[in-house]
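Taking the hints into account, I'd like the entire structure generated from these sequences.
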Amino acid sequence: MNNFSKFFIILSCFMWVLVGHAQDKEKPKVALVLSGGGALGVAHIPTLQKLDSLGIVPDLIVGTSMGSIVGGLYAIGYTGDEIAELAKTTDWDALFTGDVSIKDVSNEEKSEFERYSLDFEIVNGKIKPLVAILNDQNLRDFFSVLTYPVYNINNFDDFSIPFRSMTTDIVNGEQLLISQGSLTTAMRASMSIPGVFKPVEYENTLLVDGGVLNNFPVDVAKKMGADFIIGSEVSGGLRKKKELDNLENVLFQTGMISSKILTEKNKQDCDILIDNVPNLQFTSSDFDKTDIIYQDGKKAVHDNEDKFVALAEMLKPYKQRTHQKPNMDRVVSVDTIIYKGISKNNLRLVMCRSDLKPHQEYTTAEARNHINRILGTNLFSSIYTNPIINGATTGVEITAKEKALNQIKLAGHFDNYRGVGLLVNYTGRNIIGASSRLMTTIDIAEQPKFKVQYQKIFGNNKDFWFRSEIFGVKLDQDVFISGESVDEMNYKYLQIDNSINKNIHTLKSFIGVGLSYQNTSLKPEADPDIANNIFNLINYKLRTTEVYGQYAYNTLDKVFFPSKGLNIETRLGRAFYNNVNAKFYDRSIRDNESGHLTGFTKLRFHLKNIIAINGKLSVLVGGNVGFTFLDDVESDDASYQELGYGANYYIGGNIRRTRRDNYKFYGLLEDELPVTQFMGANIAVQYECIKNLYVTPHFNIASVGFDDFSDFSKNAFSPTGEWKDNLETSNLVSLGTTFSYNSILGPIDLDLSWVNSTEKFRLSFALGIPLGR
297 MNNFSKFFII
307 LSCFMWVLVG
317 HAQDKEKPKV
327 ALVLSGGGAL
337 GVAHIPTLQK
347 LDSLGIVPDL
357 IVGTSMGSIV
367 GGLYAIGYTG
377 DEIAELAKTT
387 DWDALFTGDV
397 SIKDVSNEEK
407 SEFERYSLDF
417 EIVNGKIKPL
427 VAILNDQNLR
437 DFFSVLTYPV
447 YNINNFDDFS
457 IPFRSMTTDI
467 VNGEQLLISQ
477 GSLTTAMRAS
487 MSIPGVFKPV
497 EYENTLLVDG
507 GVLNNFPVDV
517 AKKMGADFII
527 GSEVSGGLRK
537 KKELDNLENV
547 LFQTGMISSK
557 ILTEKNKQDC
567 DILIDNVPNL
577 QFTSSDFDKT
587 DIIYQDGKKA
597 VHDNEDKFVA
607 LAEMLKPYKQ
617 RTHQKPNMDR
627 VVSVDTIIYK
637 GISKNNLRLV
647 MCRSDLKPHQ
657 EYTTAEARNH
667 INRILGTNLF
677 SSIYTNPIIN
687 GATTGVEITA
697 KEKALNQIKL
707 AGHFDNYRGV
717 GLLVNYTGRN
727 IIGASSRLMT
737 TIDIAEQPKF
747 KVQYQKIFGN
757 NKDFWFRSEI
767 FGVKLDQDVF
777 ISGESVDEMN
787 YKYLQIDNSI
797 NKNIHTLKSF
807 IGVGLSYQNT
817 SLKPEADPDI
827 ANNIFNLINY
837 KLRTTEVYGQ
847 YAYNTLDKVF
857 FPSKGLNIET
867 RLGRAFYNNV
877 NAKFYDRSIR
887 DNESGHLTGF
897 TKLRFHLKNI
907 IAINGKLSVL
917 VGGNVGFTFL
927 DDVESDDASY
937 QELGYGANYY
947 IGGNIRRTRR
957 DNYKFYGLLE
967 DELPVTQFMG
977 ANIAVQYECI
987 KNLYVTPHFN
997 IASVGFDDFS
1007 DFSKNAFSPT
1017 GEWKDNLETS
1027 NLVSLGTTFS
1037 YNSILGPIDL
1047 DLSWVNSTEK
1057 FRLSFALGIP
1067 LGR
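Counting in this note's numbering, the sequence shown runs without a single skipped number right up to 1069 at its last residue.
Accuracy of the hints is not assured; some may be wrong.
No more than 16 Å apart at the CA atoms, straight line, and that leaves these computed lysine to aspartate or glutamate pairs for EDC-like [said to hold, decoys possible]: (1) 699 with 417; (2) 770 with 784; (3) 556 with 571; (4) 697 with 417; (5) 804 with 853; (6) 1020 with 774; (7) 1010 with 1024; (8) 837 with 742; (9) 1056 with 1018; (10) 697 with 497; (11) 325 with 453; (12) 621 with 453; (13) 621 with 938; (14) 912 with 415; (15) 912 with 497; (16) 879 with 938; (17) 788 with 957; (18) 323 with 609; (19) 912 with 853; (20) 987 with 377; (21) 898 with 930; (22) 612 with 322; (23) 699 with 415; (24) 636 with 499; (25) 621 with 377; (26) 788 with 774; (27) 325 with 774; (28) 705 with 417; (29) 399 with 410; (30) 898 with 1003; (31) 653 with 631; (32) 519 with 774.
Derived from the structure by calculation, the hints contain no laboratory data.
Below is the structure:
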């Protein structure tokens, strides 16, 4: 800028002072207006830093969408540098996915959490999809923490800098400017992009992104008496014809056309216009490029350096506002707690799980953890808080949005061993008693499965839960010898499990006791009259009943591709009723047998420890143990070693199935190796190359046995057998790499692994979410 231009701006400012404020000598009202623009709103931050460096404090801030967030934080006293640091360190993906981490989910809900790709609600007899793509829970939590310093300020004029948040009232079809109430709500409503986030309920209406009607509200600042307007614009006006070459751009321009036209007019009314658009390289959705967007925002500020300096000179004679956050005690005592939107059947559970108590002090982190425990019940789609200030009394209003009582969920899956399937789930809440869940899942597949489960939470503190489950499966099961499939059996399995559990820590650990019944049936695929099978079998049935105790601990951060956390599961069970019935084709080889099977006790242990090295790299260390302690054989008992097939541990495959005694082992086909004893360890390195794309090299080793534990223990650490012979204690070793993508349908895994004894590389492929446990 030349000296003449600089002189003209100073002269203009001086004339405004003389004409408009000659009598009262008031400082001219300087307004800062920040446009919407999603990730591009990070380009506003250098403007704030420039104001800080020159000591210019606006008298009013008006913002839309991302401009409302940046502007709202600046208005309550955050500096430009502090907001820049927030933009740099915030995990935007976590904020906008809205996902609740499984570590924040209650123990009794973890097994079903994120096990489906699509969710529908049944409301008034009609099936309804979700309104929005993204859940805003994490965003609200983020805003609540940042705006804590002004939680007790209701009027936005009482902020360090008066503030207005532009939103769109979609009920009445008009602009709505928020000037009081919860700053968190105001900021959240202003960026409620239609079809992406849910509309925000506000008084008697619904609010969406302010950019729909006024993305750059300079006119609002003028109406509020601004004498001098600094405007930072990042979204641009109407797209050119050549840019309207795809459906996305056409729909966006159509929905924003009136706002875009208004933006062009409002740009002309700025005294200092920071037009960032020509300098921006990315789009409104590129939150992974905020560092570059921030640097791009510096260019237009630099171009207007002389104008900012001139404004600072003009304001020197006047006393400016003090720009700082209020000094707030990080500990607050809540006198009153009000719950809204929570049904009678859920209220007691919510109060017990939150464990918030009146007249007790909480830090913001502690209070947030208590609120997250409510989300962990999986009963609510969102929970947010509003302070209640009444003189010296402080309260909190917890407002929840309950999920529908009846829900339908879907998930597809495919793998190259079991084939294709579609999970159809019905979940009903409080259908049979308060704090209960009734669930039915059917796997419509080439090899079908089903699961029916009833669960009820009880106890004075709601820390006990009862679960009853029926699981059934019908499979075409290959029989392997020396690593090769030599026969095929029709395999049917039914499991009825009842347990009572006690939470040690609501979100991490529990203990329990249970009673489980298993019925295993085998029948050859081919009629023995036409082609006898390797077992000389007509049919086989084993029924066992087990009483058990269990302990579980889980702090993994994700259901799929966790990057940190610890998972421990252990179970000790005693089978006290075991009945076997085996009919053989050629009686000259073996007679039919039926009666009591040798008694046994089982000890199972599972460990997965994931250590995060950095944001992309994690080390996975794990182990599995399955021991079977056989009773002495009575004279009329059937031998477990000969007829206990249905009670064995099944080793192999890359997918953890619902049957409790199935264990993954890369390189083996699913259920390839039935054993009575095993102990194994594994180590893997999980690396996220680019977003959602993983490479995981892994090494697995195990010692497996086929007899009683006493025989296995003698040479478990120095086995000499070959596991493919199914006779002696053996080493099992595999080495391979899994290539994975975390898709909207679930994980996509391609694994290539080598396994010892067979000396083969095996390729496996899986897509989607199977029925699991």
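Against the structure, the hints:
{"no.": "1", "hint": "699 with 417", "in the structure": "8 Å, holds"}
{"no.": "2", "hint": "770 with 784", "in the structure": "13 Å, holds"}
{"no.": "3", "hint": "556 with 571", "in the structure": "14 Å, holds"}
{"no.": "4", "hint": "697 with 417", "in the structure": "13 Å, holds"}
{"no.": "5", "hint": "804 with 853", "in the structure": "11 Å, holds"}
{"no.": "6", "hint": "1020 with 774", "in the structure": "14 Å, holds"}
{"no.": "7", "hint": "1010 with 1024", "in the structure": "11 Å, holds"}
{"no.": "8", "hint": "837 with 742", "in the structure": "23 Å, violated"}
{"no.": "9", "hint": "1056 with 1018", "in the structure": "15 Å, holds"}
{"no.": "10", "hint": "697 with 497", "in the structure": "11 Å, holds"}
{"no.": "11", "hint": "325 with 453", "in the structure": "14 Å, holds"}
{"no.": "12", "hint": "621 with 453", "in the structure": "14 Å, holds"}
{"no.": "13", "hint": "621 with 938", "in the structure": "76 Å, violated"}
{"no.": "14", "hint": "912 with 415", "in the structure": "29 Å, violated"}
{"no.": "15", "hint": "912 with 497", "in the structure": "38 Å, violated"}
{"no.": "16", "hint": "879 with 938", "in the structure": "13 Å, holds"}
{"no.": "17", "hint": "788 with 957", "in the structure": "15 Å, holds"}
{"no.": "18", "hint": "323 with 609", "in the structure": "13 Å, holds"}
{"no.": "19", "hint": "912 with 853", "in the structure": "14 Å, holds"}
{"no.": "20", "hint": "987 with 377", "in the structure": "28 Å, violated"}
{"no.": "21", "hint": "898 with 930", "in the structure": "19 Å, violated"}
{"no.": "22", "hint": "612 with 322", "in the structure": "13 Å, holds"}
{"no.": "23", "hint": "699 with 415", "in the structure": "11 Å, holds"}
{"no.": "24", "hint": "636 with 499", "in the structure": "14 Å, holds"}
{"no.": "25", "hint": "621 with 377", "in the structure": "14 Å, holds"}
{"no.": "26", "hint": "788 with 774", "in the structure": "13 Å, holds"}
{"no.": "27", "hint": "325 with 774", "in the structure": "81 Å, violated"}
{"no.": "28", "hint": "705 with 417", "in the structure": "9 Å, holds"}
{"no.": "29", "hint": "399 with 410", "in the structure": "12 Å, holds"}
{"no.": "30", "hint": "898 with 1003", "in the structure": "13 Å, holds"}
{"no.": "31", "hint": "653 with 631", "in the structure": "9 Å, holds"}
{"no.": "32", "hint": "519 with 774", "in the structure": "78 Å, violated"}
Hints 8, 13, 14, 15, 20, 21, 27 and 32, counting from the list given before, are not met by this structure.
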